[in-house]
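Next come the chains, spelled out residue by residue.
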Amino acid sequence: MSEVKIGLEVHCQLTSLKTKLFCHCSSDYRGKPPNTLTCPTCLGIPGAMPAVNRRAVDVAVMVALALKCEVSPTTWFFRKNYFYPDLDKNFQISQYDRAGGVPIAVNGQITFTANKARKKVHIGRIHLEEDPGKLFYQGTIDTSPYTLIDYNRAGIPLLEIVTEPEFQKPAEARVFLQKIRSILEHLRVSDGTLEGSMRCDANISLQGGDRVEIKNISSFKDVERALGFEVMRQRDLLKKGMKPIMETRHWDEIKRVTLGLRVKEKEQDYRYFLEPDLVPLSISKEQIEKISRQMPELPDSRRERLMKEYGLPEYDGEVLTNDRALADFFEECTKIYNRPKAVSNWLMGDVLQCLYSLEVDIAESKITPQHLVEMLTLIDNGEISMKIAKKVLWDIVKTGKMPSAIVEEKGIRRITDDSMLNRFAEQVFKENPKAAEDAMTDEKAAHYLVGKMMALTQGRADPEKTNVVIKRKLEERRRH
Amino acid sequence: MEIKKLTATEIAEKVRNQELTAQECIEATFQRISQVDEKVRAYITLTKNQALEHARKIDQKARKGEKLGRLAGVPIAVKDNICTRGTRTTCASKMLENFTPPYDATVIRRINAEDCVIVGKTNMDEFAMGTSTETSHFNPTHNPWDLNRVPGGSSGGSAAAVSSGEATLALGSDTGGSIRCPASFVGVTGLKPTYGLVSRYGLIAYANSLEQIGPIAKTTQDCALLLNVIAGPDESDSTSLPQQPPNYTDSLATSLQGLRIGIPKETLGEGTDSNVENAVHNCSTKLEELGAKCQETTLPTLNYALAAYYLIAMSEASSNLARFDGMRYGYRIDDDDLDWSAVYSKSRREGFGPEVKRRIILGTYALSAGYYDRLFMKALKVVTLIRRDFDRAFKSFDALITPTMPIPAFKIGEKIDDLISLYMCDIDTVPVNLAGLPAISFPAGFSNGLPIGVQAIAPPLREDLTLKVAYAFEQNTDFGKKSPNL
Amino acid sequence: MKKHISKEQVEHVSWLARLELSEEEKKLYTQQFNDILEHFNKINELDTEKVPPTFHTANLINILRDDKVKPSLPIEEALSNAPKKKKGHFQAPRIL
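So the sequences go chain by chain: A, B and C.
Heads up, the first sequence is in my numbering, so the first residue is 11 and it goes up one at a time.
Heads up, the second sequence is in my numbering, so the first residue is 18 and it goes up one at a time.
Heads up, the third sequence is in my numbering, so the first residue is -11 and it goes up one at a time.
Simulated from the structure, these hints should not be mistaken for lab results.
Quick reminder that beta carbons are idealized off the backbone N, C-alpha and C, glycines included.
Fair warning: there could be bad hints in the mix.
Below, simulated DSS-like cross-link-like pairs (lysine-lysine); rule was C-alpha separation at most 30 Å, straight line [said to hold, decoys possible]:
#, chain 1, residue 1, chain 2, residue 2
1, B, Lys363, C, Lys(-5)
2, B, Lys412, C, Lys38
3, A, Lys144, C, Lys73
4, C, Lys14, A, Lys454
5, A, Lys462, A, Lys475
6, C, Lys74, A, Lys90
7, C, Lys73, A, Lys28
8, C, Lys38, B, Lys432
9, C, Lys14, B, Lys111
Stretches of chain B that chain C covers, calculated by requiring three or more beta carbons in the stretch to come under 8 Å of a beta carbon on chain C [what the hints assert, rightly or not]:
#, stretch
10, 111 to 124
11, 189 to 195
12, 254 to 268
13, 329 to 343
14, 359 to 369
15, 380 to 389
Counterexamples of contact, computed for chain A against chain C with all Cβ distances above 12 Å [as the list claims (entries may be wrong)]:
#, residue
16, Ser37
17, Glu139
18, Leu204
19, Ala373
Please work from the sequences and hints to get the whole structure.
Laid out in structure tokens, this is it:
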């Protein structure tokens, strides 16, 4: 088993902040016409200067505490110097952990459950930095004769979270990212459903070899795919007796492969130095305590509470709290329905499966707690079977119609009326004379008849009652 | 009343009293400009229509009896690295030849609010990198005292405009002596404020941790008046000092009783012109007559300031000038068949002059892996030592005086190819920027008809001491009262 | 004279700075840089082992601003100096 080491660099937009990190422009850039949320500072106009958003610092400290990091008492901003069209100044104001630099927090950890095993991963550092602008192409990046730039996103506050290379399986990376997102959503500092609000670069090495960096991963699913592909690619090389070289590879989400750059990249040198237009940040113990006291409920605490209040097993607690919207959904359901375990089972099972296939988050889908509770009530009342309910669920998520309406529309209400069942039974017996004959002595044939009845009624016949009706009919026959 | 001979203080008072109209002042200034700027070439852009329009509005306000500002009707020249909305701001570079900022620098908003009238943007060394205004992309500026000589730099245009009567006040910027040097070479007064006293928002950056915008004028009182208007906290500049500054015109007095003045021996002797040295000695004699006590002192680390200055300034500049790539503004080559990296490299190659290119490359080198510690970080440590030297000196002295420049104005073209010789001219001015101190240059003598300036340096936020020394000397001598024969 | 910087280093650094140089410029600058760096070498005479670097000129800390939205530039002004623009975007050359 090749020793796989994966590390992640996660970039999280602090979407709850109203303005950018270093200027007063609105941070609500999605869907806005290009270059309408810019100012001299975020356009890099000569003479303009940055000014730090104080809420960004508070939020960064809060996230650091949630990730159990040590908050640095003094921290400052550095310039990372490189050229690229998406940069407004051809340097990024960021933080650094060498050459005298100190990031806002270091040495944290997160524990999560992947493949039913608890895993702890250490956070090396977290720091604040600004997002660059966005590039657009005519066609693809390969063929576009020019590049269009929109600086609306330039200057959006980012928190970069860097882990130690302690992941051993791609699936672990995916679960970890879900947990980070859940933490940020529980803290109400970042909305993970917003496109591009969380991005990730990964680095991976096998058997202690050179590290390969993978960039351009845009979704959590892609993280697992990209890492999975890369592990395979490197294993293949090693089997052939070759060594994977240290390089940066890009994830192509359409072809689902990582691609090495065609031209050897000249050695980049970011020439980090202290940002001279900003002054140091000093974070006092009092400030840390205040932020700590005002912190909202975190996923781990919520998990404990759900287990206690609703008698859920740890597994359920973990899955539900891994997505704030899911946990919120669960708690809303329990306010109007008193079988929490049933809710949990449906959420963790069919609901999540349905959402996953349709590639939609619970927050974005059409299903609400009212929908689920009504459906569960219909099951409880025997009006629909479990099997039917699973199909109804798909319709709910796709259309947002209430289950009772769907059931009416499709006429799939469970048949429990005795006279109706009798008529169906008559039909079954008529259409299957041999089985009817055999059923008087053969158990198997009796089941066959039950099956035929279910088919005839498209699964709507109440199974228990069907059994009873068939048995009665057979009894009648025997007496004659 | 010859407007050319009035100080800013006098003009503002007369315009407020309606003894003079703003229009008269501005028209007289433009007449003077048309007479002499062909020879001096202090200006890159003249804003005659806007200036007259502005003047008319001020006169209208005056007639209505509305309150006028502290600089009412005063014509001011602004160095072309300070952003003026709607008026091109070039930094004397081909790179920004057609750049029109969409915003005003904070200092511009402040002078506008006091009814000061901008008559034009002045020539400078390209991106403020130089000591002679010879690296300007357009043309050099000529010293009004001798048109074959440099006016100093990098705020050469601003200082020359004041000296030749083409403006009553000027704004310059000083990174390593760029206000004080030209002030000294053309015989006017120029002050570099304490780091952080004046907002840098809107100053196109050369070296952020060293530079300040400051006043240039014929008299100390005028410098103090302009400083009153531009100084003070600005929330757009995170490095601007938060406290409200004092009133600088209040600090002008003619007695220097009890003032202890030190003269660092490192700024005299070898490398300093004998006439310059004499001017310093004569100055100290005069200051003693006025009640001060002058004494030689030593600040040994001053000899290392030049190297530290250039390493830091070039490093910061290499990063500050990276933004000039022709995408959002600035010069851009016409070739579209190239990729972005090639277009950047070629546009920057054509847009920047040689001195700018040299400093960008050396600065990049000083910050690069393997050299960062040896060069950039080492320079930052030397700064600590220089500051300690000044701190120690200011325990025994209230102020220090030195020559502003080791030599008087040299001929145009004389030093442009001798880089080291040119850099060495900054030797007396750069330590002040490294330590963030206030310093003023005032006229203190002549060398074969060329002005010589003396520099007074004070502890942080003690502009009042520099103004006091300059004022007392000015009121008791007539070096500052002389004007070039133009 | 001691060589502080080679022509290859000048080439590499000019690439880092995206500043194309001609052959003559490379030669001239390499020579000039060595002169300059020789002069700057003077600072190595000072013992700075126990000396902390001065990172900031003024002793300010925690200069922060409120998270309050202010109007952005109108798009015409944002694009007003762009040498090349298209459909409200700044136009840059191709990436590859």
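Hint numbers not upheld by this structure, sorted from lowest to highest = Of the numbered hints, 4, 8, 11 and 16 do not hold.
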